[in-house]
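Q: As a plain string of letters, each chain reads:
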Amino acid sequence: DAGITQSPRHKVTETGTPVTLRCHQTENHRYMYWYRQDPGHGLRLIHYSYGVKDTDKGEVSDGYSVSRSKTEDFLLTLESATSSQTSVYFCAIRRSGQGVETQYFGPGTRLLVL
Amino acid sequence: QKEVEQDPGPLSVPEGAIVSLNCTYSNSAFQYFMWYRQYSRKGPELLMYTYSSGNKEDGRFTAQVDKSSKYISLFIRDSQPSDSATYLCAMSDYTGANSKLTFGKGITLSVRP
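Taken in sequence, the protein lines are chains A and B. Position 76 of the first sequence, counted from 1, bears residue number 84 in my numbering, the numbering being contiguous throughout. Position 75 of the second sequence, counted from 1, bears residue number 86 in my numbering, the numbering being contiguous throughout.
Worth flagging that the hints you see were computed from the coordinates, not collected in a lab. All values reported here derive from a predicted model rather than from experimental measurement. The C-beta atom is built at its ideal place from N, Cα and C for all residues, glycine as well. Errors might be hidden in some of the hints.
Now the stretches of chain B that chain A is said to cover, found in silico as 3 or more residues with beta-carbon under 8 angstroms [stated by the list, open to error]:
(1) 30-44
(2) 56-67
Heads up, simulated DSS-like pairs for lysine-lysine below, C-alpha to C-alpha not over 25 angstroms straight-line [said to hold, decoys possible]:
(3) B/78 - A/65
(4) A/78 - B/67
(5) B/78 - B/67
(6) A/19 - B/67
(7) B/53 - B/111
(8) B/78 - B/53
(9) B/111 - B/67
(10) A/78 - A/65
(11) B/67 - B/81
(12) B/81 - B/53
(13) A/65 - B/67
(14) B/81 - B/13
(15) A/61 - B/78
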């Protein structure tokens, strides 16, 4: 258990509405990530953060923004949700140890955009 | 060519079978290799990781890396119904502070009792 929680766990929204997903971690990790997972595409990186107020884009960042005002919280915002953003969203943290850096994932948020 | 290719599956085996899951990759800079297991409607969980080439064993699971062939494998011995899940390979160079993981698309394994 990497001490990661995501909220909400499920959400249904309508096209054009803004949506914010929250990732919370309890272990003070510097790096946090947002992924989406879709059939046929696997896990794709949306945005990541390497510290408070330090973020960068991943491979599928269009239509998404992020913010990190505290070490423990990483927010993902869909400015104006579209049906193509229906997906399962996972947050992850990077943990270092024994010379290896690995990522640990939260339980996910299922988002349906109607 | 995708950076990481994984057999698409799905794969169905009888209980007790030996399972071999494989990924190939094209980026020779990858040096950290991981396998994640994901149960239905759950987040991926780290199963095993290896650095560079060689084998690593953990109980019924063995991870193998062949950097010369750019090929990694996960072997599951004496497979159990509880091993039924999607398995994702992942790899990284981690040469820079902002290095990222590259994932395969995952293969769904079903172990029949």
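Q: Take the hints in turn and mark each one as holding or not.
A: Do the hints match the structure? See the list:
Given a C-beta distance limit of less than 8 angstroms, the hint that chain A covers the segment 30-44 of chain B is violated, as 1 residues qualify and 3 are needed. Counting residues of the segment 56-67 of chain B whose CB falls under 8 angstroms from any CB of chain A gives 4; the rule of at least 3 is met. For the suggested pair residue 78 of chain B and residue 65 of chain A, the alpha carbons sit about 29 angstroms apart, so the restraint of at most 25 angstroms is broken. Annotation: proposed proximity of residue 78 of chain A to residue 67 of chain B is violated, straight-line Cα distance about 37 angstroms (limit 25 angstroms).
This hinted pair checks out: residue 78 of chain B and residue 67 of chain B have alpha carbons roughly 14 angstroms apart, not beyond 25 angstroms. Using a Cα cut-off of 25 angstroms, the hinted pair residue 19 of chain A and residue 67 of chain B is violated, with the two alpha carbons roughly 40 angstroms apart. For the hint linking residue 53 of chain B to residue 111 of chain B, the alpha-carbon distance of about 22 angstroms falls within 25 angstroms, and the restraint holds. Annotation: proposed proximity of residue 78 of chain B to residue 53 of chain B is violated, straight-line Cα distance about 31 angstroms (limit 25 angstroms).
For the given pair, residue 111 of chain B sits about 23 angstroms from residue 67 of chain B by alpha-carbon distance, which is consistent with the 25 angstroms threshold. With a CA separation close to 19 angstroms, the supplied pair residue 78 of chain A and residue 65 of chain A stays within the 25 angstroms bound. Proposed proximity of residue 67 of chain B and residue 81 of chain B is supported: the alpha carbons are some 17 angstroms apart, at most 25 angstroms. A C-alpha spacing of about 29 angstroms is found between residue 81 of chain B and residue 53 of chain B, which places the hinted pair above 25 angstroms, so the restraint is violated.
Our distance criterion of 25 angstroms between C-alpha atoms is broken by residue 65 of chain A and residue 67 of chain B, whose separation comes to about 33 angstroms. For the hint pairing residue 81 of chain B with residue 13 of chain B, the CA-to-CA distance comes to about 13 angstroms; that is within 25 angstroms, so the pair holds. Of the supplied pair hints, the one linking residue 61 of chain A and residue 78 of chain B is violated, its CA atoms being roughly 37 angstroms apart against a limit of 25 angstroms.
Hints 1, 3, 4, 6, 8, 12, 13 and 15 from the list above are not met by this structure, while the remaining hints are.
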